[in-house]
Each structure stands twice: as C-alpha cells, then as structure tokens.
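Trainee: Required output: the full structure, derived from the provided sequences and hints.
Residue numbers (UniProt numbering), protein chains in the order written: chain A, 1 to 524; chain B, 1 to 524.
Just to be clear, a hint being listed does not mean it is correct.
Which copy is meant is left open, because identical chains are indistinguishable; a pair holds if it fits in one copy or across any two.
[As the list claims (entries may be wrong)] Derived lysine to any residue pairs resembling SDA-like cross-links, with alpha carbons at most 25 Å apart:
#, residue 1, residue 2
1, Lys227, Thr340
2, Lys227, Leu34
3, Lys227, Arg456
4, Lys227, Ser339
5, Lys227, Glu505
In short, the hints are calculated from the structure, not lab data.
Protein chains: 2
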Amino acid sequence: MPYFDAASTAPLHPVARQALLAAIDEGWADPARLYREGRRARMLLDAARETVAEELGVRRDEVSFTSSGTQAVHTGVLGALAGRRRAGRRLVVSAVEHSSVLHAADTHVAAGGTLTTVAVERSGRVAVEAFAAAVRGEADRPGGGEGEREAPGPAALACLQSANHEVGTEQPVGEVAGICREAGVPLLVDAAVSLGRAPVPDGWSLLTASARKWGGPSGIGLLVVRKGTRFVSPHPADEREGGRAPGFTDIPAAVAAAASLRAVRAEAEREGARLRELVDRIRTAVPRLVPQVEVVGDPVRRVPHIVTFSCLYVDGEALLTELDRAHFAVSSGSSCTSSTLTPSHVLRAMGVLSEGNVRVSLPAGTAEADVERFLQVLPDVVRRVRENLGAPVEAAVTAPAAPAAAPAAADPAGVSSPIPGPAEAPAPAPSSPASSPAAAGVDPDGVVVVDSLGRRCPIPVIELARRIGTVPVGTVLAVLSDDEAARLDVPAWCEMRRQEYLGEEPAGAHGADRGSAYLVRRLS
Amino acid sequence: MPYFDAASTAPLHPVARQALLAAIDEGWADPARLYREGRRARMLLDAARETVAEELGVRRDEVSFTSSGTQAVHTGVLGALAGRRRAGRRLVVSAVEHSSVLHAADTHVAAGGTLTTVAVERSGRVAVEAFAAAVRGEADRPGGGEGEREAPGPAALACLQSANHEVGTEQPVGEVAGICREAGVPLLVDAAVSLGRAPVPDGWSLLTASARKWGGPSGIGLLVVRKGTRFVSPHPADEREGGRAPGFTDIPAAVAAAASLRAVRAEAEREGARLRELVDRIRTAVPRLVPQVEVVGDPVRRVPHIVTFSCLYVDGEALLTELDRAHFAVSSGSSCTSSTLTPSHVLRAMGVLSEGNVRVSLPAGTAEADVERFLQVLPDVVRRVRENLGAPVEAAVTAPAAPAAAPAAADPAGVSSPIPGPAEAPAPAPSSPASSPAAAGVDPDGVVVVDSLGRRCPIPVIELARRIGTVPVGTVLAVLSDDEAARLDVPAWCEMRRQEYLGEEPAGAHGADRGSAYLVRRLS
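Mentor: Okay, here's the thing in structure tokens:
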C-alpha cells in the first residue's frame with residue numbers, strides 16, 4: 001500500500017530499525033550509573049548526541065533529546081521566553097506554525113504574555129518585511145497617522161518554521177535569522193518538516209525537530225539551544241539532558257534517531273531531487289486531471305516531498321476514505337477530518353479552499369509507479385465523491401484521458417450550466433425548517449438566500465454553486481451557514497469561480513436564529 | 001554479570017521485547033489518521049490502554065501514557081494542583097518521595113504554592129497519624145498551648161509513594177487513602193517501585209508509574225487520573241492521551257509496556273515470594289559477614305526485591321567500582337555517587353548512615369547462586385575499600401566464616417582499639433592548613449578538634465573514629481567538616497557506635513573559616 005503521509009510519520013528507516021534493535025539490548029540501563037551496563041548506555045547516548053551535533057553543526061551540550069517534537073517545541077518556546085523574561089514577554093510567531101508552537105503561545109498568553117501573529121501570503125510564506133516589523137516591534141502601521149499604535153519594542157522570542165507541515169512552503173528562515181540577530185531577538189526554528197530533507201539555514205538560537213518525521217522512531221525529538229541563548233527550563237528540575245528535558249532519556253530511540261538522521265541526510269540531496277520531480281508531476285497533473293482543483297503552497301520555494309491540493313465540492317473525509325480503499329494513505333486539512341470540525345489553521349491563514357483537501361507527502365524511496373497510479377486513481381475517486389454529494393454537474397465531468405486547461409480559465413460560465421434539482425441529490429439530512437425562515441428564497445431587498453444551516457462542508461458551497469446559476473448576473477446571494485469551513489470556502493470558491501465575495505454578516509439579518517451569512521454577487 | 005539494580009531500570013522483559021518488535025512494524029503510524037496504517041496503530045494503542053486499565057482495575061479513559069515516569073509525576077502533581085486551585089494551594093508529600101515528586105513540589109512552591117513535608121520514621125515509613133494531620137491541616141502541635149499555629153485546613157493534594165525506591169519500605173497507602181477520602185483531599189500515589197511487584201492498594205485519585213521499572217521499555221510512563229478528580233493539564237494544549245500528556249504517543253513502547261505489565265503481574269506473587277527470600281538472605285547475612293554495617297529500611301513492610309545497607313568507613317563510589325569489577329551492578333545513595341555530592345534525601349530523612357551505601361534490587365528471575373556469590377564477594381570488597389581509606393583497624397577485620405553478633409552490640413569498645421597513625425592512611429588530599437587553625441588538637445575549653453575540612457565522606461567519620469579512641473571517656477570532640485554527608489554520617493556513626501551526638505554548630509566557633517562542627521562526646 002503506497003503510504004503518502006510521510007509528513008505525519010515517516011516509515012522507520014532501515015538504519016533506524018537496526019540501531020533501535022541493537023540499542024534495546026545494549027543501551028537499556030541508566031547512563032548515570034557507574035557499572036558496566038550504565039557505562040555502555042552512557043557511551044551509546046554520548047555517541048548519539050555527538051552524531052546529532054555533527055549533523056547540525058552544533059556542540060554536543062547544545063543538543064537535548066526530548067520525548068517528542070511537541071515536547072521539544074513546548075519546552076523550547078516556554079524555556080526561551082522564561083530565559084528572556086527581563087527582555088519582555090512578547091512572542092512573535094507566524095500564523096502557519098505547527099499547532100504545538102501555537103499551543104505553547106496560548107500557554108504564554110494565558111500566563112500574561114503577549115503574542116504577535118504574522119500573517120502569511122496566499123502561498124503560505126511569511127513576508128520578510130512583515131516578520132521583521134513584528135520582531136522589531138515597530139508600529140503596526142508604518143505609514144503613520146492617527147491609527148498608529150505605540151511601538152512595543154523588540155520581541156522576547158520569535159518562532160518561524162523552516163517549512164510548513166501542511167503545504168510544504170519554505171519560510172525565509174535565513175533572512176529572518178539575520179533580522180533577529182540584528183534586533184537581538186532569539187529565533188526558534190521548528191525544523192520538523194525539513195530536517196533530513198533539506199539543509200537548515202544557520203543563524204537560529206533554538207531549533208526543534210521530531211525524529212519520526214525523518215524516519216527515526218517515535219518517542220524522540222530534538223531541542224537544540226545554542227550557547228549564549230538565555231534559557232530557563234519551564235519544567236520541574238531534572239539533571240538529565242542538560243536540565244532541559246525531564247525524565248529518563250529513551251536511549252534506544254535516541255540512538256536510532258541519530259543513526260537515521262545521518263543516513264537520511266547522506267541521501268537527502270539525491271533523494272530530494274527525485275521526490276521533487278515526483279511532486280512536480282503531481283502539481284502539474286492534478287489540475288489537468290481533476291476539474292475544480294486548487295493546488296496550494298509555494299510552487300518553487302518548498303520542501304521536496306510535500307504537495308497539497310483542495311477539490312471543490314468534495315468532502316475531505318470521504319475523499320480520504322475512497323483513497324484508502326484504493327490503497328493510498330494521505331492526510332487532509334479539511335474540517336471534516338479534524339476532531340474539532342474546523343479547517344486547518346494553515347489553510348485558513350493562507351485563505352485557500354479547505355474542502356476536499358489532500359496532502360500528499362512522499363517518504364524517501366517512493367516509487368514513481370505509485371505516484372502514477374495515484375494520478376490514475378484520483379480523478380475517478382473525486383468524481384465518485386462529488387456524485388455522492390450531488391455536486392454541480394460540470395464539476396463531476398472529468399476527463400482524465402484528455403486533460404482540460406487550467407481550472408480557473410477552463411469553464412468560467414460553468415456555474416450557470418443546468419444543474420440537477422435539489423431532490424436528485426443524495427445530500428445529508430436537510431436543516432430544520434424551523435430555523436430556516438428564509439429557506440424559500442428571496443429577501444425583501446432582493447438577496448437570494450441559500451440556507452445551508454446545519455449542513456457541513458462541502459454542502460454550503462455545493463448549494464451556492466447550484467443556486468448561483470439560476471439567478472441573473474448581478475444578483476447577490478446570502479449563504480447561511482453555521483459550519484466553520486464556510487467562512488473559508490465561500491470566499492475561496494468565489495476566487496476560483498470568478499464571482500464576487502462581498503463579506504460576512506450575522507445570519508440574523510436574513511431571519512435565521514444562528515450562523516453567518518456569506519454574501520456573494522454573481523459576476524458571470 | 002549479575003545485575004542487581006532493577007529498581008533503577010529492570011532489564012527488558014522478553015514479552016516486552018517481543019511486543020516492541022511487533023509494534024515497531026505494525027504501530028508506527030499516526031493513530032489519528034483514517035487510513036489503514038493509522039487504524040492499525042489506533043487499534044494497538046487502544047488495546048494497550050485496555051490492558052493497562054484492566055491490570056489496574058480502572059477505566060480506559062483514566063489511563064494516559066506519558067513519556068516517562070518522571071513526566072507522569074510532574075504532570076500528575078502539577079495538574080492535580082491546578083485542578084484544585086480553588087481548594088487552596090497546599091501540597092503534602094512525604095520526605096522520602098522520589099525526586100520527581102519533590103522537584104514538582106519545588107515548582108509548585110516557586111509558583112507561590114505551599115508545601116508540607118511529612119517526616120518519616122527511621123525505617124523510612126511515614127507515620128499514618130503524622131500524614132493524616134498534614135492532610136487535614138491540623139495545627140502543628142496537637143497538644144495545644146502558646147506555640148500552636150493556626151490550622152491551615154485540608155490540603156489541595158497529598159502525594160505518597162507506594163513504596164520507597166531506595167530502601168524498599170512500603171508506605172501505609174491504604175490507610176492514608178482512607179484518610180484523604182474522608183478529608184476530601186485527592187491522593188497521588190507514585191507506584192513506580194511496586195507496580196508489577198506487589199498489589200497496589202485502592203483508594204487513590206491519581207497514580208503514576210514507569211514502565212522500565214517493571215521490565216517494560218524506556219520512554220513510557222503511566223498517569224492514571226480517576227473520574228471525579230479535578231485535573232487541569234499544566235502543559236500546552238494537546239488532544240492526545242486525554243489532554244494530559246502532550247506529544248505523539250510512543251505506541252510501540254506503550255504496547256510493550258502493557259504486555260509486560262500483564263506478564264509480570266501474572267508472575268508477581270510467585271516471583272515476589274522467591275525474591276523476598278533472597279532479600280531476606282541478604283538482610284540476615286550482610287551484618288554477619290561485614291562488620292559495621294547498618295541494614296536500612298523496614299524489615300517486614302517492604303517490597304520483595306529491594307534491600308539497602310550502609311557500610312561504615314566506606315566510600316560508596318569505591319565500593320560500587322569494586323563490586324563492578326567483581327561483576328555486580330548495584331546502586332548507592334552515598335554522596336560521592338551523586339552529581340551534587342550530597343547524600344540521598346531518603347537516607348537523610350531516615351537519619352541513617354549514608355556512607356558506603358549499597359542498594360541491591362533484584363530483577364525477576366535473579367538466580368539464588370548469584371546472590372550467594374554476592375555475599376561471598378562483598379566482605380572482601382568492603383575490607384579492601386576500608387584498607388585503602390585507612391579506616392580504623394577493627395572495622396577492617398572481617399570474619400566471613402564465623403559471623404559476628406549484630407553490629408551495634410558487636411564491639412562497643414572497638415573505637416578505642418589501637419589505630420594506625422594518620423600518615424599511614426592513603427587518604428585524599430589534606431585540607432588547606434590555612435583554613436584549619438584548630439588542626440593541632442584541643443580548644444581552650446577542652447574540646448578535641450578533628451579537622452576534616454576539605455575532605456569528603458567517609459574521611460570525616462574515619463578521622464573521628466581514629467581520634468575518639470585516643471581521648472578519655474567523657475571528652476567532647478568537634479569534627480570540622482564542609483562535606484554535606486557529615487551532617488548525616490556523624491550522628492549515624494554515634495548511634496551505631498554508641499557514642500553521644502551533641503549537635504552541630506558553625507565551625508567558626510573552633511576557629512575555622514567555613515563548614516560546620518559536629519560535636520560528639522565519648523561515652524565508652
């Protein structure tokens with residue numbers, strides 16, 4: 001079964017497996033003990049630390065093994081903030097950091113700290129100037145004027161991922177590191193996505209990573225704190241791992257992590273080039289093979305192995321289930337695949353479509369044939385999911401044999417094609433009529449109401465697409481929805497379908513007792 | 001090589017090894033994913049949780065896998081305190097809890113909380129009444145009177161280990177749990193020492209444990225929080241492990257931990273009885289075979305596999321090194337074996353000798369022949385270490401073939417035997433003469449000064465033992481020392497040698513520029 005979710009957990013590298021098995025037998029004892037077994041464990045742990053230090057170009061005592069990438073991030077963020085307490089309490093992060101960074105930031109804010117979140121471009125990349133302004137603590141509106149806020153001064157800590165975990169976009173870490181150094185602000189780089197895949201730029205103060213992302217075992221992460229970086233552990237005291245990661249170090253896991261890091265880095269350049277080609281193939285082929293698809297993330301400045309796209313009128317969970325049936329393991333940032341039923345914060349920050357979202361992340365060694373088979377299977381899978389949802393017809397017409405033009409230009413008037421009546425669509429249970437006073441159609445001021453209250457992504461967008469073709473150009477439609485995903489997907493749909501998104505207002509303005517109204521004007 | 005340090009890390013149980021290998025191949029993916037590999041990982045994790053829950057007699061959702069026993073304790077203590085914030089901020093612990101509990105308590109105090117530490121008896125056991133008074137928050141002096149302090153009211157949380165990790169003494173957890181329940185105070189039981197070895201009493205609110213103590217792998221601990229226990233995670237948010245242990249769960253380790261817990265519990269009763277006999281053999285034989293030894297810990301209320309003793313006039317590190325040369329792996333609570341050069345807080349709280357301390361903790365399956373060989377080897381090893389240190393002669397005369405009487409009664413006048421001159425002892429570097437104005441001998445008020453400044457355990461006690469035989473009965477000696485261990489070992493020596501310990505005063509009273517003076521009166 002082709003496993004295309006390496007960005008979640010990469011399969012164990014053969015070198016990691018071998019090292020793990022050996023270290024289970026040789027490195028199980030307490031490395032603080034004086035007897036033979038303890039000394040042997042200590043030697044293995046020291047060697048693992050040495051290997052990691054060499055791979056990262058740092059000192060051994062700067063490397064701490066943590067119990068996970070998440071623990072590394074939590075400890076790194078909160079420890080660096082604690083160490084910089086006298087420099088203030090303002091933390092700067094990008095909006096697309098991993099949730100572990102954002103959750104640590106929440107903890108910081110709950111404890112009285114402040115947070116500046118730097119927005120990203122549609123590609124998922126932060127603008128260097130925006131990040132620099134946040135780090136330096138310059139006024140929010142450099143243009144000046146009455147709205148200008150007082151400059152808060154340099155941040156206590158800045159966090160920027162090396163590359164994004166959901167869309168693969170590389171961040172301008174090298175430039176940001178230079179800016180941080182000039183401003184005297186330590187920079188924490190979450191390198192979970194790129195370590196072992198791509199070179200990590202220099203100039204950071206703290207770096208975190210997770211072994212299972214590069215083919216190491218689970219249960220081990222890295223926290224590197226450069227000399228001169230103020231750091232106060234946020235945990236109860238513990239002398240292990242330089243006082244930065246309490247608890248007994250999992251030596252077999254550390255040994256396996258170090259051995260596999262060395263191995264994957266030795267192969268990284270060649271394997272990265274190969275995977276980059278496979279990803280390019282997907283990036284080019286998917287929009288040709290599947291109508292109404294948005295490939296997201298920076299097409300050039302990206303890690304080699306990740307590609308992400310979203311399919312209009314598609315339920316992400318159904319898509320994953322169908323792909324699993326076809327023996328492909330991928331992940332999704334769609335709301336229906338999250339426990340909180342909200343779309344991925346990364347897709348939200350980028351402002352791109354979240355419905356029918358698929359992240360393909362290739363493990364080292366992925367066979368080209370598997371990628372080709374994925375491209376063969378995908379169009380039919382998407383078509384079936386769309387059919388089951390009663391999606392607009394034009395979207396369900398796929399032409400895998402004869403690729404269409406780019407989707408945005410392909411069929412600008414497509415939304416006005418004849419559509420099946422609502423009765424034909426095997427859609428989820430309709431919303432309660434009691435809560436839908438405007439269901440019948442048109443507001444007194446001429447706004448056409450599309451009532452999707454109680455329905456989940458992608459139904460609100462499907463209903464919008466169905467209805468817009470039935471109204472005259474220039475008509476405003478109000479999509480009523482209480483699904484979080486609609487806030488992202490209605491504007492994204494407008495962008496893809498060249499319709500005008502007018503904004504959001506409380507659904508109460510259209511007689512509903514809950515939810516929001518998303519206003520769209522038909523342009524074509 | 002006989003490995004007698006199971007209380008530090010038990011060798012991996014064969015069942016754990018097998019389960020680990022299988023789960024590395026089957027349970028490496030993210031259990032939150034919808035595809036096949038994810039579902040398989042989820043099934044393994046669910047099954048591991050189910051097994052642990054069954055073994056502990058709790059609900060599955062009460063069990064969280066943590067990355068270590070230490071993380072379980074830190075999270076349990078701080079999370080329970082956070083959850084009980086409205087009930088106050090007073091934490092009650094025994095003085096002999098594992099350092100992870102005490103470090104979490106330090107963190108609590110640093111954050112403004114208060115701490116009541118309950119002393120233990122010489123056996124290492126807390127008195128139920130004393131613990132009860134601390135839990136209830138009764139006045140410090142129940143007799144009343146002018147010195148009576150205001151009663152602080154019930155604690156927010158109480159922590160009591162199931163058994164002590166250094167001396168094996170079982171704590172009265174069952175009785176304390178009843179008292180806590182009555183007082184409405186949650187009880188956290190650190191069961192690291194006993195889980196898998198002895199039944200865990202019921203009635204606690206939180207329980208912590210560490211898999212590597214029972215033969216599971218490293219990198220995995222248990223935190224069990226019973227329903228109805230208020231708990232607020234002290235960590236940044238994370239939905240895994242019931243929100244109590246952030247970071248990706250190490251599923252292979254959890255699977256191996258659960259499988260081995262079941263296996264060791266199935267064997268526990270029979271194997272425990274066998275180990276108990278072996279430990280009894282050590283408890284009885286060591287004082288007969290080695291002069292000047294104190295076996296510490298409760299002789300009856302103890303876990304089956306741990307026995308601890310301290311040898312007068314012995315350097316713990318040298319003893320461990322000699323035993324390692326003789327192929328025995330044991331640990332020690334002596335100051336010279338700790339990175340901080342302070343004796344174990346457990347031995348200090350018990351008020352027992354810390355020098356020449358040895359903890360023997362037998363893994364399951366320990367061969368009787370190995371224990372017998374240990375008893376054969378030990379007397380010679382101790383003798384050699386004492387000789388090297390220039391210890392008083394009587395202490396170096398061992399009689400393994402003809403056991404002496406109990407040490408306290410064996411040779412009450414032994415300290416007055418002829419002793420070798422200081423010049424004959426290959427002791428560590430002498431203290432600086434500049435700091436030892438009283439080195440010459442007798443204070444103006446007739447106190448005999450024994451200057452051990454700058455010398456480490458066990459030298460101060462050896463010098464005391466040498467000198468006391470040269471002064472008339474009734475004479476007071478002042479042992480000047482800046483070694484932390486002397487504070488414990490001089491009184492313990494007096495108790496063992498039936499001399500009178502008069503107390504401690506600043507060494508400045510005897511003309512020294514640092515350290516303490518420990519006053520001893522020769523009684524016999």
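Trainee: All the hints need checking, so say for each whether the structure fits it.
Mentor: A quick look at each hint next to the structure:
| no. | hint | in the structure |
| --- | --- | --- |
| 1 | Lys227 x Thr340 | between (40 Å within a copy, 23 Å between copies) |
| 2 | Lys227 x Leu34 | neither (29 Å within a copy, 42 Å between copies) |
| 3 | Lys227 x Arg456 | neither (50 Å within a copy, 33 Å between copies) |
| 4 | Lys227 x Ser339 | between (40 Å within a copy, 22 Å between copies) |
| 5 | Lys227 x Glu505 | neither (51 Å within a copy, 42 Å between copies) |
Violated hints, in rising order: 2, 3, 5; the structure is consistent with all others.
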